[in-house]
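K.L.:
Below are the chains, spelled out letter by letter.
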Amino acid sequence: MLIFECPYCGVHAEESELSPGGEAHLKRFGPGSDDADFESYLFIRENPKGVHFERWRHSNGCGKWFHAARCTMTLEVFGTYVAQTFEPPQDLKEKITAKRPGWSWRDFS
Amino acid sequence: MSDPVTAMETLRFEGFVTVSQAGSLGMITLRGDFGSKPFGTALKKALGLDPPQKRQIAHGNNSTAAWMSPDELLIFCSWEDKATLMTALQKVIGKRHAMVIDVSDARMTFTLTGSNVREVIAKLAPVDLSPGSFEPGELRRTRFGQIAAAFWLVSQDEAKVICFRSVGDYMFKQLKAASTPGSELDIWT
Ligand SMILES: [Zn+2]
Chain A
1 MLIFECPYCG VHAEESELSP GGEAHLKRFG PGSDDADFES YLFIRENPKG
51 VHFERWRHSN GCGKWFHAAR CTMTLEVFGT YVAQTFEPPQ DLKEKITAKR
101 PGWSWRDFS
Chain B
1 MSDPVTAMET LRFEGFVTVS QAGSLGMITL RGDFGSKPFG TALKKALGLD
51 PPQKRQIAHG NNSTAAWMSP DELLIFCSWE DKATLMTALQ KVIGKRHAMV
101 IDVSDARMTF TLTGSNVREV IAKLAPVDLS PGSFEPGELR RTRFGQIAAA
151 FWLVSQDEAK VICFRSVGDY MFKQLKAAST PGSELDIWT
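Line order of the protein sequences matches chains A and B.
Reading the first sequence from the start, the letters are residues 1 to 109 in the numbering used here.
Reading the second sequence from the start, the letters are residues 1 to 189 in the numbering used here.
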């Protein structure tokens with residue numbers, strides 16, 4: 001059971017109050033993009049063992065989308081942050097480094 | 001003009017708490033940047049209240065405003081007052097990027113009364129209802145069983161629960177089941 005703190009309403013929401021939204025920080029490639037970019041946007045995902053970044057929605061709550069960082073192996077939650085950003089906040093990255101030295105995820109580390 | 005009636009006016013169940021359907025209540029959804037100073041001032045003018053803080057409920061002259069999300073308030077008033085209030089809100093909002101909608105017909109309200117109201121809610125919603133963790137003054141949006149709902153405590157032995165009226169029957173049935181005599185947990189009493 002995951003518990004995320006919603007960065008908008010501050011509720012410590014249990015998983016059943018949330019809806020998963022897949023991987024975080026995907027860049028959309030639409031019509032006119034080249035095939036490799038479009039394929040990666042649609043199909044290529046990280047699927048890591050360890051540190052992972054995801055989108056979640058507080059659907060049975062304030063209704064807002066947010067980001068979450070967690071460990072796929074232990075289900076440890078490192079933190080949550082707002083949706084209006086292209087990358088995890090620095091303090092969260094530092095917190096993850098303290099717990100999982102040497103971690104990396106796409107271009108983040 | 002016809003009188004307003006709710007979908008299931010006579011719903012009532014006497015369990016270890018009493019579950020009853022509350023009468024028609026005016027509800028207005030306001031969306032916009034109410035946290036900003038000019039918007040807050042405008043709201044105060046229309047409602048006589050300062051916009052509520054995160055998850056809190058603020059009381060005005062003849063209305064109550066509950067925090068639903070960073071850009072959404074739910075305003076409660078009597079059925080008779082809602083038209084006047086809608087007009088007043090629209091007037092102070094003016095050209096601001098905002099939305100005021102009468103959602104009174106969209107929802108159903110239940111009143112729970114009895115010393116174990118916390119228990120009935122705790123059986124259905126994934127919320128910590130222990131005294132101290134949840135107290136009157138806060139509105140919590142969550143789920144009850146499988147449906148979205150919101151609730152607040154009026155006092156230690158009275159709670160209000162709102163949900164969409166399309167799922168009102170499901171809500172009543174699960175509130176009834178959760179308050180069936182003999183199923184008391186007595187954890188907080
Ligand atoms: Zn939330």
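These are calculated hints, taken from the structure and not from any lab test.
Hints should not be assumed to be uniformly reliable.
Cβ-to-Cβ under 8 Å is the rule here; a few derived chain B residues that face chain A [claimed, not checked]:
id	residue
1	Lys45
2	Gly48
3	Arg55
4	Gln56
5	His59
6	Arg141
7	Arg143
8	Gly145
Each computed DMTMM-like pair below joins lysine to aspartate or glutamate, with the alpha-carbon atoms no more than 25 Å apart [said to hold, decoys possible]:
id	chain 1	residue 1	chain 2	residue 2
9	A	Lys64	B	Glu135
10	A	Lys64	B	Asp186
11	A	Lys64	B	Glu14
12	A	Lys49	A	Glu87
13	B	Lys176	B	Glu158
14	B	Lys123	A	Asp91
15	B	Lys37	B	Glu72
16	B	Lys123	B	Asp186
17	B	Lys45	B	Glu138
18	A	Lys64	B	Asp71
19	A	Lys64	B	Asp50
20	B	Lys160	A	Asp91
21	B	Lys54	A	Glu15
22	A	Lys64	B	Glu158
23	B	Lys173	A	Glu87
24	B	Lys160	B	Asp186
25	B	Lys54	A	Asp91
26	B	Lys91	B	Asp33
27	B	Lys123	A	Glu14
28	A	Lys64	B	Glu72
29	B	Lys37	B	Glu14
30	B	Lys54	A	Glu94
31	A	Lys64	B	Glu184
32	B	Lys123	A	Glu87
33	B	Lys37	B	Asp50
34	B	Lys54	A	Glu23
35	B	Lys176	B	Glu14
Ideal Cβ positions, reconstructed from N, Cα and C, are used throughout, including at glycine.
K.L.:
Next pair to validate is lysine 173 of chain B with glutamate 87 of chain A; report whether the Cα-Cα distance is within 25 Å.
P.N.:
With Cα atoms ~45 Å apart, lysine 173 of chain B and glutamate 87 of chain A exceed 25 Å; violated.
K.L.:
Could you grab the alpha-carbon distance between lysine 176 of chain B and glutamate 14 of chain B and see if it respects the 25 Å cut-off?
P.N.:
8 Å, holds
K.L.:
Does glutamine 56 of chain B meet its interface restraint, that is, does its C-beta lie within less than 8 Å of any C-beta in chain A?
P.N.:
Given a least distance of 11 Å, the restraint on glutamine 56 of chain B is violated.
K.L.:
Does arginine 143 of chain B pass the interface hint, meaning its C-beta sits closer than 8 Å to a C-beta of chain A?
P.N.:
4 Å, holds
K.L.:
Are lysine 37 of chain B and aspartate 50 of chain B close enough, with their CA atoms no more than 25 Å apart?
P.N.:
10 Å, holds
K.L.:
Would you check the hint for lysine 54 of chain B and glutamate 15 of chain A, treating anything up to 25 Å between C-alpha atoms as holding?
P.N.:
21 Å, holds
K.L.:
Would you mind confirming whether the straight-line C-alpha gap from lysine 64 of chain A to glutamate 72 of chain B stays at or under 25 Å?
P.N.:
Holds, because 11 Å separates the two Cα atoms, which is no more than 25 Å.
K.L.:
Under the criterion that the straight-line Cα-Cα distance not exceed 25 Å, is the pair lysine 123 of chain B, glutamate 87 of chain A satisfied?
P.N.:
38 Å, violated
K.L.:
Could you grab the alpha-carbon distance between lysine 64 of chain A and aspartate 50 of chain B and see if it respects the 25 Å cut-off?
P.N.:
23 Å, holds
K.L.:
Given the hinted pair lysine 49 of chain A and glutamate 87 of chain A, is their Cα-Cα distance within 25 Å?
P.N.:
Measuring from Cα to Cα gives roughly 20 Å; hence the hint holds.
K.L.:
Sort out whether glutamate 135 of chain B lies within 25 Å of lysine 64 of chain A, counting only the CA atoms.
P.N.:
Roughly 24 Å between the alpha carbons, so the hint for lysine 64 of chain A and glutamate 135 of chain B holds.
K.L.:
Mind checking the alpha carbons of lysine 37 of chain B and glutamate 14 of chain B for me, to see if they're no more than 25 Å apart?
P.N.:
It is violated: about 46 Å lies between the C-alpha atoms, which goes past 25 Å.
Hints 1, 2, 4, 5, 8, 10, 11, 14, 20, 22, 23, 29, 30, 31, 32 and 34, counting from the list given before, are not met by this structure.
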